[in-house]
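S.K.: So the protein sequences, as listed, match chains A and B.
Taking the numbering used here, the leading residue of the first sequence gets 1, the next gets one more, and so forth.
Taking the numbering used here, the leading residue of the second sequence gets 1001, the next gets one more, and so forth.
Hints were generated in silico from the structure; no laboratory data involved.
Heads up, the beta-carbon is just placed ideally off N, CA and C, and yes, glycines get one too.
If we take Cβ atoms under 8 Å as the criterion, some of the chain B residues that face chain A in the derived model are:
id, residue
1, L1009
2, A1013
3, M1014
4, N1015
5, R1021
6, L1028
7, S1031
8, I1034
9, V1035
10, T1038
11, T1039
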Amino acid sequence: MRSVRRSRGTLCALDSKGSGGLIFLVTITATFWSGVAIGGVAGTVNRHQRRLWFVAQIGAGGQTLAAAALTDRVLPTLPLARKSDRRLDNQMRRSDDLTNRYLGDWSAAEVGVHYTGVAGLLNLLVIIDAISRADPSNGRRKQNGQLPQGGS
Amino acid sequence: MTDSILASLFTSAMNISGGQRFLLMLPLCLSVAIVYKTTRCESLREVPVAALVLWVTILLGMYTVGFGLWAIFKLLV
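Next up, chain A with everything else stripped away, as it sits in the complex:
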């Protein structure tokens, strides 16, 4: 009887953890690819023109690498950007690089970059949280009341 209760408790804990992981997976993936869909992959995940944002985006791991590979594939097919185009952002307009490509509407690209960057940082948050939960000394400190309880 006790073993049945224990196994049921383990199952509940596993189910709870699995659902939490599923929430992370769905939320972060949806945020990342929504950003790519809004801003276009070349204007959003672009390691040449948006280096600092790419550092944040790489937190999403394989998704960012897939999007970067898609950017490298798409970029040569895009038309050259004209500096008079009002849809370009200031950074692109200042650039003298003639190989600058038209990456789409700048406001859409900004929104897309924010979505993908936040998705990468959220993934980092989840990784750091998982590491802290896996730390055995964390549970002992919680039992001794040295750590605040969750939910705040």
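Model the placement of chain B on the given structure of chain A, informed by the hints.
M.R.: What follows is chain B alone, placed relative to chain A:
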């Protein structure tokens, strides 16, 4: 056919107006609230209410800061 539709979904950017940019902040803040509260709450049953409260708090804070900065800008210009 399906591949090309799917590819164009991710390769072409949308055209977004100023008002739509404000609206697009809602799902972004919601995802932040959901992920953060899922990491913090002990039980998953607490997550929806806690995430909703955090979402509203973030939105109110962001819109207040945005309106404040816009008001200062209008006063100075």
